[in-house]
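J.: So you can see what is in the structure, the chains are spelled out below.
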Amino acid sequence: MRYVKLPKEGLTKLFEALEGFGEVHAPVKRGKTFVFARVSSLSEASLSYNRTMIPPKKYFVRPLEEILKVKVSKGYEPVVEEPKRIVLLGLHACDINALRVLDGVYLEEPEDPYYRSRRANAFVVGISCDPDEYCFCKSMGTDYVWTGFDLFLHDIGEAYLIRVGSARGEAVVESIKKVIGEPTNDDFVKLRDLELKRSKMFKKELNTSLLPDIADALYESEVWTKFSDKCLACGSCNLVCPTCRCYDVTEKVELNLEEGVRLRRWDSCFMRSHALVAGGLNFRPTRLDRFRHRYNCKSSIEPKTNMFFCVGCGRCSAFCPAGIDHVEVLNSLWGLAR
Amino acid sequence: MSANPYLPKLAKLIETVEMTAIEKLFKFQFVNEEDAKSFSYKPGQFVTVSVPGVGESPISICKSPTRPGPLELLIRRIGRVTNAIHKLKPGDVVGIRGPLGNGFPMEGMKGYDILLIAGGLGIAPLMSVLQYVIDKREDYGDVILLYGVRSYQEALFRDMAIDLIEHPEKTGIKAFLSFEREDSVFSKLMEEHPRSVRKGVVTVLFECADPYIKPDKVCAVVCGPPVMYRFVLRELVKRDVPPERIYLTLERRMKCGIGKCGHCVVGGATAIRYVCKDGPVFTYSDVLAVRGLV
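Those protein sequences? They're chains X and P, same order as listed.
Residue 343 is where the first sequence ends in my numbering, and the numbering goes up by one at each step.
Residue 295 is where the second sequence ends in my numbering, and the numbering goes up by one at each step.
Next up, chain P with everything else stripped away, as it sits in the complex (with noise of 0.2 Å):
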């Protein structure tokens, strides 16, 4: 018989990194060499997150697979699991399952333009994405990131966001931040490079992306808060992108992880889909299908 998929395994807990008032990075270490070795996964996979005693959370990997050394999970305090979560210690141990879902398909996209659009925590997992094709830059065209963030105070990885606006050159990447609400260094950011930084939500970027955004060979790689799809995808749709080269990565509410429970089931009769199975990454043509995608 194999392994039980619904036993986690062990983690410690080595650093946590402050990102904002709520969002915190988390680096895990499986307890179990063999664990640590076997554990191998593809940008967008995501892992659930068990505190003993508390429960267990689904969240999504924020590291590419090609950078070595501990898991990375960006965590927003939001729930039960998730407060609890943040009030581990260095040294606590944790119960990890995964890696769970499809993940973004890195090989299928080679030889295309990435187009990144991130909108607050969705930039977590758009990250292993973004790290990815940074250390295999030769396996794709160019990189353009579009990130909208609510306000400096609460944008994560706001120095590297920062870093790629004002430094293109070190990454070859074209970044674009936008922010909703008035603050002073990103209003200064963005009298510095009023090309690249906006007022607003997320698609107000696709004005100044426009003269890299080649339809025929782009894949767009979105995550947001579930509001933010239909309006990025709209913008995708108007410049011609093809519905299968649109990715997006979705958040339900999920138990096993492993198509089992039923909660993540969306989708009409025709085609029921698990999100944490058959996903969380979906294409547009998906979205067309499947009722209830987005």
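Only chain X is shown next, with the shape it has when bound in the complex (with noise of 0.2 Å):
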């Protein structure tokens, strides 16, 4: 790995050097929450941040966007579109890891065309975090990420020490040699001893070795039931999941009958819609059925990339109008009390 040094007040030419790429978007501050948004300047963006509501996944896969045009009496043409290039500044590492672990699904045969291309056009630079009361990352093994960024930022105090992660970071550091500089041993020292304090913040812990076996094997727990009376089934912890990519796919035609659109849209395993086929059967006709399901799938392994279907983002949690904790949930399942 590449190491370099950028001291704070150098961001602001990191910051020009990314426009150069593309467009830059970063966590922004709106409400009492974050949102990942177009910045114009290093000022709009909130770097020290603890999680935006909807992840970076919806720069890929647009919560509603046209795959098809539709022509009635013709058939169907695909909707081409401009690659546009994008800067994704200050993703954390359950973040990017969460993008691995969707390009394992949608980059697999037969890729994904529009995703693989908006993903080819996006720059990632990463920064370091502190966990807040949400965090489980650690235990999800996705607190460090190793690859999956161009740049990765971490915050040694008076200055960033970056790890370049590709050929197109290695380029913008280059354009910007003027700023930065070679990082010492004190400087690794520290970020060794950060990441050490880092790591005992953590106030969530899930136990993750056997936990496919266990989410999959008790399936008669009495824990599913317990918080699944309690679920409301608003699908919000599918919005907000960096790696939930469940889509619909509707068809619209404009008044005029002939012109129309195919749309995707992101879907909720929580519908009851979603394993619903003509003729009225529900594969999942419970609540119950579909909140098992979402957890079960949550613990299972995407075969791609090794890594859990959950990044321990703790966004699930964090905005259940329910209150219900995905952590809680599996260490119940566990037969820990909290």
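Simulated from the structure, these hints should not be mistaken for lab results.
You can take every hint at face value.
Some chain X residues near chain P, calculated using beta-carbon distances under 8 Å:
#: 1; residue: P83
#: 2; residue: V110
#: 3; residue: A220
#: 4; residue: R250
#: 5; residue: F288
#: 6; residue: S304
In the DSBU-like style, the derived pairs of lysine-lysine whose C-alpha atoms are separated by at most 35 Å in a straight line are:
#: 7; chain 1: P; residue 1: K90; chain 2: X; residue 2: K76
#: 8; chain 1: P; residue 1: K25; chain 2: P; residue 2: K38
#: 9; chain 1: X; residue 1: K89; chain 2: P; residue 2: K278
#: 10; chain 1: X; residue 1: K79; chain 2: P; residue 2: K25
#: 11; chain 1: X; residue 1: K79; chain 2: P; residue 2: K38
#: 12; chain 1: P; residue 1: K239; chain 2: P; residue 2: K171
#: 13; chain 1: P; residue 1: K278; chain 2: P; residue 2: K218
#: 14; chain 1: X; residue 1: K79; chain 2: P; residue 2: K278
#: 15; chain 1: X; residue 1: K13; chain 2: X; residue 2: K34
Computed from a predicted model, the values in this text were never measured in an experiment.
Backbone N, C-alpha and C define an ideal beta-carbon position, used for all residues, glycine too.
Put the complex together from the two separate chains, hints included.
T.: Written out as structure tokens, the structure is:
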């Protein structure tokens, strides 16, 4: 890994260099929470933040998007989109790992061409963070990200120690070489100590060894009923989840009854329609079925990355209107009192 | 970049055959010759049919790849898209994506007896296997068909079924038919062929077929309504047919057909499967490992 050191006053220079790549999007404070949004200056970005409500997946599979054009008398043609280069500045390790998990789904053959193009045109700049009361990425093994970014910024006090993760990242660093320097041994010691400190800050812990088996085999556990009784089946957890990838497909025709579009939109496995087939049979008819399904899906392992389908970002718990906590549900399944 | 997997290819409806009050056989031909040439599939695979402006539905292919000519799909009028398909007239154009899914391992089944068990509309995907083994008769052992229907009126391929029972010598297939509701045609057939036709659900046919089922050299291929699998599996397990030689093809809600949209996901955390991509054909071994498959 190549490391460089960027004094904090040099961050503006980095920002300008990133703007040279494409539109910069970064966490921005909105009300009580954060969103990823376009920023035109560094001061608009909140690089010290806990989590955004909607994860970065929105840039790659949009909440609602056209995938095909329809001509009722002629058939279908793909929606052609001009590739747009963007920079995602300030992603936490969990969110970068979540994109790797999504890659495992969307870039698996046959590739999703829309996802592929947007992913290739996105420059990812990670940033170090400290866990809050919802974070459990350490348990999921996603508190550290070793690939999937172009640059990763570690705050070591008066400077950022940067891990350079790609040739594109290298090029950006080269373009600002006047403000960067080589890190010293002391800088790495600082990085080490801060990481050790961070590691001790986690308040939530989930036992993940044998987790898939526990979630699968304890199918009859009353824990599922206890929590699904509280669940509103609103699907909020799906929308805020950085690895939830289900989408629904619909078709819409204009009033001229000739032109239309095929759309896809984020879907939720908590909706009754999710496993419903024509004729009325539902493969997951009850809320309990759907609740258990989500927890099993999240506790399963994505085969390309060998990572869990949960990165421990804490969003589902932080934004659950019923106050259901992901870790508490699974820890209850483990028989651990909180 | 590879082709857009979401883009349907145009196909023209060339003929429909009325099968029952709610089911028709549709014959489609690709508009573009290249698409027709490049379309090759395995028995048990499926396609999606798009009606422009309405939507898309997954449908199994009801014809063996050994038989040239149009793509044949047997479709029940049951939902929004299939209702629109039923309204199509010859000459109308639809979109086809596929073939999708894994299909039956016809190569791996070579040399074995083939026991086909179909319930109702389940005959549609199994027709591709039935035709295939008829066309490649020398590659397979005995072929046994257990076919359960509600009644004569509701039976698909009813003439074929009657012919198989009345003239087994034509194809060499040992066919058995069960029907649930009293009706004169099948009752008469039962009187004439008491060892081949029974009243009841498809599992009552096992008793008739038992002399022909040799567990050490049979592959079972099963398709029917979801409720049927458990009962059929019980009979097969009772007869010591090994789990890896019991094949089932399953139905789920599907949108993308290529393992992205997540609707057809089944299984507990240790074994998540996409029915569209990892299936729709699964073995009984899969059923034992993947929760909720049947």
